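Novice: Given only the sequences and the hints, what does the whole structure look like? Please build it.
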Amino acid sequence: MSLLNTFPEYTLTTRTDELLNWMRKSSIWYMLFGLACCAIELMHTGGPRADIDRFGASPRASARQSDLMIIAGTLTLKMALRTRLLYDQMPDPKYVISMGSCSNCGGLFQFAYSVCDGVDKILPVDVYVPGCPPRPEALTEGLLKLQEKMMTERWLTRSNGAREKAA
Amino acid sequence: MEPLKIYELVKERFGDRVLEIADKKPDPFCVIDPKSIVEVCQFLHDDPQTAIDALSNETGVDYKDRIEVVYHLFSYRHRHTAVLKVKLPRENPSVATLENIWKSANWMEREIFDLIGVNFEGHSDLRRILMPEDWEGHPLRKDFVEPLEYHGISTVRESPIVRLEAGKK
Amino acid sequence: MYLQFAVPLALTIVAIGLVAGLLGLQKLLSPSNPFARKLMPYECGEPPTGRAWINFNVRFYLIALIFVIFEVEVAFVYPIAAVYLDWVKQGHRLYALSEILIFLMILFVGLVYVWVKHDLEWVKKVPETGG
Numbered sequence: 000m001s002l003l004n005t006f007p008e009y010t011l012t013t014r015t016d017e018l019l020n021w022m023r024k025s026s027i028w029y030m031l032f033g034l035a036c037c038a039i040e041l042m043h044t045g046g047p048r049a050d051i052d053r054f055g056a057s058p059r060a061s062a063r064q065s066d067l068m069i070i071a072g073t074l075t076l077k078m079a080l081r082t083r084l085l086y087d088q089m090p091d092p093k094y095v096i097s098m099g100s101c102s103n104c105g106g107l108f109q110f111a112y113s114v115c116d117g118v119d120k121i122l123p124v125d126v127y128v129p130g131c132p133p134r135p136e137a138l139t140e141g142l143l144k145l146q147e148k149m150m151t152e153r154w155l156t157r158s159n160g161a162r163e164k165a166a
Numbered sequence: 000m001e002p003l004k005i006y007e008l009v010k011e012r013f014g015d016r017v018l019e020i021a022d023k024k025p026d027p028f029c030v031i032d033p034k035s036i037v038e039v040c041q042f043l044h045d046d047p048q049t050a051i052d053a054l055s056n057e058t059g060v061d062y063k064d065r066i067e068v069v070y071h072l073f074s075y076r077h078r079h080t081a082v083l084k085v086k087l088p089r090e091n092p093s094v095a096t097l098e099n100i101w102k103s104a105n106w107m108e109r110e111i112f113d114l115i116g117v118n119f120e121g122h123s124d125l126r127r128i129l130m131p132e133d134w135e136g137h138p139l140r141k142d143f144v145e146p147l148e149y150h151g152i153s154t155v156r157e158s159p160i161v162r163l164e165a166g167k168k
Numbered sequence: 000m001y002l003q004f005a006v007p008l009a010l011t012i013v014a015i016g017l018v019a020g021l022l023g024l025q026k027l028l029s030p031s032n033p034f035a036r037k038l039m040p041y042e043c044g045e046p047p048t049g050r051a052w053i054n055f056n057v058r059f060y061l062i063a064l065i066f067v068i069f070e071v072e073v074a075f076v077y078p079i080a081a082v083y084l085d086w087v088k089q090g091h092r093l094y095a096l097s098e099i100l101i102f103l104m105i106l107f108v109g110l111v112y113v114w115v116k117h118d119l120e121w122v123k124k125v126p127e128t129g130g
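Residue numbers (numbering that gives the first Met the number 0), protein chains in the order written: chain A, 0 to 166; chain F, 0 to 168; chain C, 0 to 130.
There could be a bad hint or two in this list.
Here are a few chain A residues that sit away from chain F, every Cβ distance over 10 Å (derived from the structure) [to be verified]:
| # | residue |
| --- | --- |
| 1 | LEU2 |
| 2 | ASP52 |
| 3 | GLY55 |
| 4 | GLN88 |
| 5 | GLY105 |
| 6 | PRO123 |
When the alpha-carbon atoms are kept at most 27 Å apart in a straight line, the in silico DSSO-like pairs for lysine-lysine are as follows [as the list claims (entries may be wrong)]:
| # | chain 1 | residue 1 | chain 2 | residue 2 |
| --- | --- | --- | --- | --- |
| 7 | F | LYS84 | F | LYS24 |
| 8 | F | LYS23 | F | LYS86 |
| 9 | C | LYS37 | A | LYS77 |
| 10 | A | LYS77 | F | LYS141 |
| 11 | C | LYS26 | A | LYS148 |
| 12 | F | LYS84 | F | LYS34 |
| 13 | F | LYS102 | F | LYS34 |
| 14 | F | LYS4 | F | LYS141 |
| 15 | F | LYS86 | F | LYS141 |
| 16 | F | LYS34 | F | LYS141 |
| 17 | A | LYS148 | C | LYS37 |
| 18 | F | LYS86 | F | LYS24 |
| 19 | F | LYS24 | F | LYS4 |
| 20 | A | LYS120 | C | LYS37 |
| 21 | F | LYS102 | F | LYS4 |
Simulated from the structure, these hints should not be mistaken for laboratory data.
Remember, predicted model here, so these are calculated numbers, not experimental data.
Just so you know, even glycine gets a beta-carbon here, dropped at the ideal spot from N, CA and C.
Specialist: Here you go:
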């Protein structure tokens, strides 16, 4: 008896949607999924100078406790299977940021035999952050873009098809 | 001790099992018969004049007509280096393992098996170390053909030039 | 008559109501999408192998047992300590003291036994048998 996406757009329901989205975007717990050099910049972004904890984003080690997966680094074919399993084991609603060239498109190592060209071959990605590696400010902007995307979601009101996730 | 002197010592002891001593830059190397590589390395390890106590690197190289396994040896006591090579045929390349002399050969031989396909006889745990366990083929061979997909993930990539030219029009 | 239970009752109602309200809201409003791969036991991305029920070392059980016994002893001593001064004022000083001391002595014998038998050490040193 879920009430998701069942109401028409009244002020009450849209404002409640905004409230829920604001609550979700102000407390994004991301999974530390640093695979290669971008992981260093991810650590820096979580560190004191370019802090994403001021946006409520707190690092989690386990997939079961996180709602954002920041794929930071080169995705090899060996790791791709495990990444897909970890993404499947995250609870809904979940988001993915692809950080750096290697996870966007294979990057510098596109032509290698063992590299999966881009994490979007196995997962649906919400925000791509380009860079090699992206500066902490760039990753922070990616997170803010993701927050903008989260604010457009609809939970109580009927969905307008804007958020279609591949299963 | 100079590397060439070490090779002279090996040649005195082993005679015709030393196939070639080459004085190339940067490292002079010595080519050994594949069947006697273990004896030569045991001698280099035990002899007090050479006292090679570390195998600092072991790699495989795929030339078009042969496969070579290159051993870089180092001695902490005398601080000298030596380079040995072994030439193997490209079909079923196989050489004895050096794991019993230097333990570092364990992982290095696993890597050579994984990427080039050299079989090391007597190795305690010869399995893939870098590629996934169910990978087929040896990637660093010159005739390696990339599979089109791995567990459903396609390895075909569109060339970015195509997209650029489509955008220009 | 039972007016002193008004505050705990209020607290109980608030606690149960809060939890029920939040869980109910979650049932109504949260997306739920369970499927087999998601519900697999979490093993950092690797497919799980082996059983989840493994043999634990018995020393965990021993520590828990000793803890429970002495924790219950402390729980029994607390009410005695609360009314002790009243009993002394009423003149039952010796009776009260001897009662609590006998209780503690019985449990102290148990503590000495456990101590001597090396059950308080995490790694039990078994004495070498002469051969």
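Novice: Work down the list of hints and note, for each, if the structure agrees.
Specialist: Now the hints, each set against the structure:
no., hint, in the structure
1, LEU2, "holds, 36 Å"
2, ASP52, "holds, 34 Å"
3, GLY55, "holds, 34 Å"
4, GLN88, "holds, 18 Å"
5, GLY105, "violated, 7 Å"
6, PRO123, "holds, 15 Å"
7, F:LYS84 x F:LYS24, "holds, 15 Å"
8, F:LYS23 x F:LYS86, "holds, 17 Å"
9, C:LYS37 x A:LYS77, "holds, 20 Å"
10, A:LYS77 x F:LYS141, "holds, 22 Å"
11, C:LYS26 x A:LYS148, "holds, 24 Å"
12, F:LYS84 x F:LYS34, "holds, 12 Å"
13, F:LYS102 x F:LYS34, "holds, 20 Å"
14, F:LYS4 x F:LYS141, "violated, 35 Å"
15, F:LYS86 x F:LYS141, "holds, 16 Å"
16, F:LYS34 x F:LYS141, "holds, 25 Å"
17, A:LYS148 x C:LYS37, "holds, 25 Å"
18, F:LYS86 x F:LYS24, "holds, 19 Å"
19, F:LYS24 x F:LYS4, "holds, 16 Å"
20, A:LYS120 x C:LYS37, "holds, 19 Å"
21, F:LYS102 x F:LYS4, "holds, 26 Å"
This entry does not satisfy hints 5, 14, going by the numbered hints stated previously.
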